[in-house]
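**Student:** The primary structure of each chain is shown beneath.
Protein chains: 2
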Amino acid sequence: MTSTPLETDEPEFVADYLLYLLAAASEGASAQFHATVRSHDLRVPEWRVLACLHDRDGAMITHLARLALVEQSRLTRIIAHMETRGVLRRQNDPDDGRRVRVFLTPEGQNLVDLLVPLARAHEKRLLAQLSNTDATNLKPMLKALLKTLEDPVAPTGKTSNTD
Amino acid sequence: MTSTPLETDEPEFVADYLLYLLAAASEGASAQFHATVRSHDLRVPEWRVLACLHDRDGAMITHLARLALVEQSRLTRIIAHMETRGVLRRQNDPDDGRRVRVFLTPEGQNLVDLLVPLARAHEKRLLAQLSNTDATNLKPMLKALLKTLEDPVAPTGKTSNTD
Numbered sequence: 003m004t005s006t007p008l009e010t011d012e013p014e015f016v017a018d019y020l021l022y023l024l025a026a027a028s029e030g031a032s033a034q035f036h037a038t039v040r041s042h043d044l045r046v047p048e049w050r051v052l053a054c055l056h057d058r059d060g061a062m063i064t065h066l067a068r069l070a071l072v073e074q075s076r077l078t079r080i081i082a083h084m085e086t087r088g089v090l091r092r093q094n095d096p097d098d099g100r101r102v103r104v105f106l107t108p109e110g111q112n113l114v115d116l117l118v119p120l121a122r123a124h125e126k127r128l129l130a131q132l133s134n135t136d137a138t139n140l141k142p143m144l145k146a147l148l149k150t151l152e153d154p155v156a157p158t159g160k161t162s163n164t165d
Numbered sequence: 003m004t005s006t007p008l009e010t011d012e013p014e015f016v017a018d019y020l021l022y023l024l025a026a027a028s029e030g031a032s033a034q035f036h037a038t039v040r041s042h043d044l045r046v047p048e049w050r051v052l053a054c055l056h057d058r059d060g061a062m063i064t065h066l067a068r069l070a071l072v073e074q075s076r077l078t079r080i081i082a083h084m085e086t087r088g089v090l091r092r093q094n095d096p097d098d099g100r101r102v103r104v105f106l107t108p109e110g111q112n113l114v115d116l117l118v119p120l121a122r123a124h125e126k127r128l129l130a131q132l133s134n135t136d137a138t139n140l141k142p143m144l145k146a147l148l149k150t151l152e153d154p155v156a157p158t159g160k161t162s163n164t165d
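Chains as they are written, first to last, in this note's numbering: chain B, 3 to 165; chain S, 3 to 165.
Just chain B, with the same shape it has in the complex (with noise of 0.2 Å):
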């Protein structure tokens, strides 16, 4: 049995593997901003529920699970949570009363002003850090992926997409 580090005869994967890269890079950047998060005493799904309140005041849960990247069951402890805080309120909607809808509190909408600029100035530095080619191309072409990544992947072969 060897007992020393070895460099195998393939060539390297993970350094050049798609998923790896996509996921150093989202826990990278967001370790930046999620520590602005921490500091205002919020958890990072908490502060992704109040940013799609931001775009979306009276969201129902299903779209804000999805867009805070969180299962639904979860969300509904999250959301139970903010609202003793004092951040959001539950509402049933008025049309139909088995649909919940989430609004931010005038607290909520508070933190959201605060952190809704920040965000954007992070990102803002994070893109100046790039070259302009790749400032100006990397959230169209994450874009592009998310919008393949909503079909599920063909079992083979590469589809009819061309540029």
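Take these hints with a grain of salt, some might be off.
[As the list claims (entries may be wrong)] Covered, in the sense of this in silico footprint (three residues per stretch, anywhere, with C-beta under 8 Å from a C-beta of chain B), are these stretches of chain S:
{"hint": "1", "region": "16-30"}
{"hint": "2", "region": "118-132"}
[What the hints assert, rightly or not] Below, a list of computed lysine-lysine pairs in the BS3-like style, where the Cα atoms sit at most 27 Å apart:
{"hint": "3", "chain 1": "S", "residue 1": "K149", "chain 2": "S", "residue 2": "K126"}
{"hint": "4", "chain 1": "S", "residue 1": "K149", "chain 2": "B", "residue 2": "K126"}
{"hint": "5", "chain 1": "B", "residue 1": "K145", "chain 2": "S", "residue 2": "K126"}
{"hint": "6", "chain 1": "B", "residue 1": "K145", "chain 2": "B", "residue 2": "K126"}
{"hint": "7", "chain 1": "S", "residue 1": "K145", "chain 2": "B", "residue 2": "K126"}
{"hint": "8", "chain 1": "S", "residue 1": "K126", "chain 2": "B", "residue 2": "K126"}
{"hint": "9", "chain 1": "S", "residue 1": "K141", "chain 2": "B", "residue 2": "K145"}
{"hint": "10", "chain 1": "S", "residue 1": "K145", "chain 2": "B", "residue 2": "K141"}
{"hint": "11", "chain 1": "B", "residue 1": "K149", "chain 2": "S", "residue 2": "K145"}
{"hint": "12", "chain 1": "B", "residue 1": "K141", "chain 2": "B", "residue 2": "K126"}
{"hint": "13", "chain 1": "S", "residue 1": "K126", "chain 2": "B", "residue 2": "K149"}
{"hint": "14", "chain 1": "S", "residue 1": "K126", "chain 2": "B", "residue 2": "K141"}
{"hint": "15", "chain 1": "B", "residue 1": "K149", "chain 2": "S", "residue 2": "K141"}
{"hint": "16", "chain 1": "B", "residue 1": "K149", "chain 2": "S", "residue 2": "K149"}
{"hint": "17", "chain 1": "S", "residue 1": "K141", "chain 2": "B", "residue 2": "K126"}
{"hint": "18", "chain 1": "S", "residue 1": "K141", "chain 2": "B", "residue 2": "K141"}
{"hint": "19", "chain 1": "S", "residue 1": "K149", "chain 2": "B", "residue 2": "K141"}
Derived from the structure by calculation, the hints contain no laboratory data. For every residue, glycine included, the Cβ atom is placed at its ideal position computed from N, Cα and C.
With the hints as your guide, set chain S onto chain B.
**Tutor:** Just chain S, lined up with the frame of chain B:
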């Protein structure tokens, strides 16, 4: 108090926010392959450890933790579990007995030999769904972002980095 969902006056934030796009793309892309990982009775961090050992058999836990995107204390428990399962073994470095290196067992090597080609094939299918330009540029762009993330973000303004 309003009781119907409101679109706010401000432009939409989440759907154009880099950290959301990165997290959603990472989560969506990984979810597809992680179904394969779980079908081999592996948890995601375990797969990541195996993938890292593919590149550097005998790596140290600090190195594995960085690439597997897991805190070192958690990784130590994961590695203990994987050793019990028989897919890797820990061994003290002969040159420095305080350092522990991690090696694949033959069973671990078999798992790696099975999963790394599956991961590469999945990556290939994902990239084939993008336009040729995006498929060519996505990984280099993510690597450029990762490189900037290794340095702390400057508190203000743009760096001198230009195209």
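**Student:** Now look at each hint and say whether the structure bears it out.
**Tutor:** Hint check:
{"no.": "1", "hint": "16-30", "verdict": "holds (count 15)"}
{"no.": "2", "hint": "118-132", "verdict": "holds (count 11)"}
{"no.": "3", "hint": "K149(S) with K126(S)", "verdict": "23 Å, holds"}
{"no.": "4", "hint": "K149(S) with K126(B)", "verdict": "16 Å, holds"}
{"no.": "5", "hint": "K145(B) with K126(S)", "verdict": "18 Å, holds"}
{"no.": "6", "hint": "K145(B) with K126(B)", "verdict": "18 Å, holds"}
{"no.": "7", "hint": "K145(S) with K126(B)", "verdict": "18 Å, holds"}
{"no.": "8", "hint": "K126(S) with K126(B)", "verdict": "31 Å, violated"}
{"no.": "9", "hint": "K141(S) with K145(B)", "verdict": "14 Å, holds"}
{"no.": "10", "hint": "K145(S) with K141(B)", "verdict": "14 Å, holds"}
{"no.": "11", "hint": "K149(B) with K145(S)", "verdict": "21 Å, holds"}
{"no.": "12", "hint": "K141(B) with K126(B)", "verdict": "12 Å, holds"}
{"no.": "13", "hint": "K126(S) with K149(B)", "verdict": "16 Å, holds"}
{"no.": "14", "hint": "K126(S) with K141(B)", "verdict": "21 Å, holds"}
{"no.": "15", "hint": "K149(B) with K141(S)", "verdict": "17 Å, holds"}
{"no.": "16", "hint": "K149(B) with K149(S)", "verdict": "26 Å, holds"}
{"no.": "17", "hint": "K141(S) with K126(B)", "verdict": "21 Å, holds"}
{"no.": "18", "hint": "K141(S) with K141(B)", "verdict": "13 Å, holds"}
{"no.": "19", "hint": "K149(S) with K141(B)", "verdict": "17 Å, holds"}
Hint compliance for this structure: hint 8 alone is broken.
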